[in-house]
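What follows is each chain in one-letter form.
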Amino acid sequence: MTVSFTLNGRARSFSGDPRASLLEVLRDTYRLTGAKEVCGEGFCGACMVRIDGHPATACLVPMGTLEGSDLRTIEGIGTEEELNPVQQAFVDFDVVQCGMCFPGMVMTLTHFMKDNPQPTREDVKSALTGNICRCTGYERIIDAVMSLSGAAQPVTEAQP
Amino acid sequence: MKNAHDPSLAVMDLPRRDARDKLRGRTRYTVDQAGPEVLHAVLLRATVASARITRLDVTPALTMEGVHAIATHGDAPGLHGIGIADHPIFASDIVRYHGEPLAVIAAETLAQARRAADAVIVEYEAMPPVLTLQAALAPDARLVHPGWEGYEVLHPGATRGGNIAWEARVDRGDTDAAFARDDVTIVEGTYDVGRQNHLSFEPRAVIASYEDGRFHIQTSTQAPWTVKHVVARVLEVPESAVRVIVPAVGGGFGLKFDCSLEPYAAILARKSGRTVSLVNSRREEMMTCLCRENAEIHIRSAIDAEGEIVAREASVLMDCGAYGGEQVFLTTMTAHTLAGNYRLGAAKIVTRAVYTNTPPNGAFRACNGVYNTFALERHTDEICKAIGMDPITFRRRNVIGDGDIGATGQTFQGDVLAPMLDRMIDKYPVERRSGRLPDGRLYGRATTVGTWFIFVGPSAATVNLNADGSATLVTAGVEIGSGTMMQSLPQIVAANLGIHPDAVIVKTADTDAAGRDLGVGGGRTTVSIGAASEAACAEVREKLLTVAARLLQTNTAALVLTNGRVEIDGKPGSGMTLKSVIAEAELTTGPIAGSGAFTAPGTTAMPGCATGHFIDAIDIPVFAVHDCEVAVDEISGRCEILSYRVVQDVGRALNRRAIHRQIQGGVVQGIGYALTEEVTIGPDGAVGQTGLESYRVPLAGDVLPIDFELYEGAPSLGPLGTKGAGEVPILNVAASLACAIANATGKQVTSLPMTPERIATLIAGEARYSVPPLT
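Listed in order, the protein sequences are those of chains A and B. Residue 79 is where the first sequence starts when you use my numbering, and the numbers rise one by one after that. Residue 801 is where the second sequence starts when you use my numbering, and the numbers rise one by one after that.
Since the hints were derived computationally from the structure, they do not count as laboratory data. It is possible that part of the hints are untrue.
Pairs of lysine to aspartate or glutamate residues, derived as EDC-like cross-links and limited to a Cα-Cα distance of at most 20 Å, are as follows [said to hold, decoys possible]:
no.	chain 1	residue 1	chain 2	residue 2
1	B	K1227	B	D1507
2	B	K1185	B	D1104
3	B	K1071	B	E1036
4	B	K1379	B	E1339
5	A	K203	B	D1507
6	A	K203	B	E1036
7	A	K203	B	D1502
Covered stretches of chain B, as calculated for chain A (at least 3 residues, CB under 8 Å) [to be verified]:
no.	stretch
8	810-821
9	1000-1007
10	1044-1051
Quantities reported herein were computed from a predicted structural model and do not represent experimental measurements. From the three backbone atoms N, C-alpha and C, an ideal C-beta is built for every residue, glycine too.
Starting from the given sequences, assemble the full structure and let the hints guide the process.
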């Protein structure tokens, strides 16, 4: 079975087991390793991609369901010269730690901010229900996201 | 020259240089490295907790499609361990825990390797497993290691015997006499805690090859030199035949402070002649995680009429699982955590690491400290209740201060905890500690103190000064996410060389390039690797200034390094660029480089006070004061955290944003430990939580912003006056929440985690909900 789709703007076709997960195909076949396999069960969100504009956990999506889909992964977000606003906010607020969850965080929050440009903190937390982070304790991520709606500016850290 | 420790020379709050690639999915962790050329390996693991292996036949698997190599006990019979060499990497004739490796198989695909593992014939003769501390210490308990007496002891001096893998003791003063006094109040408490899984997002993972007679191991580790040592030991090859390199690590939290998967991949690489990748599945990570150990703590204290602690006795049982591992070492910590915080007239403390037929435990952020601080601080509040003294007043009066003697007899320097307590209470005066909120829930507030320390020990650094005026720092440090390699180390080197941190290249660990290092953990990276880096910079500076002094016709004492230039002190613009000095050096003395080293400064205990310890006295203590308010629902037992505040001793804050990240993240990890993260072990000896559906870590909706103050100025031997800031934020979290919940409910909180079921049962005061015992 051959499945044809668009991946980060390029036409691709996949010939292989249609039961293979999108995540393993991205990582093993296309060597796009930004989506991470962490829980493999859809809880952690580290493998979040966009399918036809909607976020989805790639670990739970079989390749056979993707005929004609438009797929975007973290590698298709932002450029070396210009990060997308969510990525840039994470840089500005210095929130990155081990980094394993951040590709998924960026995918989820980029989509969320498009639909909810003026969220409350609770809205952002609610949007992150399917994205787990073990390092940061989340609040700095929320601070960064809130800055995008002009509600909060980066905390200026005191210089001694 | 100008003192390099002058704060004005350090660039503060440097942003992380790895953020952009991490945010763009470009960073290649070990799990991302395996391309189409590598073989994939899987471990065949035991499905019983305790058995004699009567048959292990790999021949059916050997000829299967895609299979390249299989290894079993015969390929690596050596034993390893910390303190005692008791641990084979494969079970030989005895299985001691559910999940213990029996064989490892490399094939062209993961699916082929899994199919081959299924084809291996394993037959067992089951033996009843010893699953709990009580069972292991029962008089007629079956021994997990019947041959314990024959094991090589790697660190002499401790008492061992039967299922007691290790015993560490503190004996200072006459506790019997103190408890026998008729003017003391005796307070006693027993506490128990479960395991905690690190859940680092990158599982343990390794890629190994065998080239030119040496093992090349790329791995997700915090301790490359430990991996090098253990691989060599179990494979019975010289350490020089093992090279370890470490790309970005996707979270450690202590899980990766010991060798784990590396020897298996190394054996398969040699056998197959191919590069071999071995990655734990999440299920394997859940079921064989080197968890923070379950433990039982008993404390007893004698308090005199003035509220002084005249004596303390305690015993701590730590479940090390089937092999001694890091728990043997961690018995040491009790002396400095449970017996920390307060002045004690006399102390008798016994800590035992106990063998059970359960998956081995290991190191986890503030190892041993989090539960001992929980027990100690709960006990302290019970003391206050018993003697009728305000808990802040009691702590203020008894915390360790300048010149006080610690449990093992070391002398502490500086008043730190008391002013930190004052700072907390001045900022957040205590109005009440319990009550009922307008919505009907129970309100509780508590303030706790904690003592932790920097795990010092050997580190080496080399600094090469490059022709363009930049510097390359070569150490065995690893970036595990804390940002130390990205922020504090380049900041320290830059401050010492008068250049911008952006001009400092930091090489990540390669044991072929960098000198010996104890590893990234224990809050030691900034301090130990930082101090070694500072020493390397001193040699660079010396060489640089000697050349510059000749060129500028002055003496080195008159020169300063600043803004990438050598200047005559007080005369900006009078000197020359580093580039010109380096160019001159290349013509006269050669390229400039320096090397530096650091190890334990060697603070001493009183002779005879500490037995079986790896660290008798602590070189760099770190203190913390935490305060929180909670609201508890009486019916559901749900605990909401209303506020959480931290005053943390950081020595000196080089990067406030980085420390803020660690405090927020560390406290939240502690909230998970205290309230929701529960590991259970079934009657078959298997861990019950096999994934994130059943192991409940904090989500964004469960947390709150942590208010914090950095306490600067406490004595530290660290570079630029720093102390490690990443480990300690988790230390008092369970303690603070437990004390607040106890205040809210009026009940003695004695067990962790405080799940809603446990809290509801505590409030109801009866076994209306039967909680299975932690094993």
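**Asked** So which hints don't hold here, by number, going up?
**Response** The structure conflicts with hint 6 only, although it agrees with all the remaining ones.
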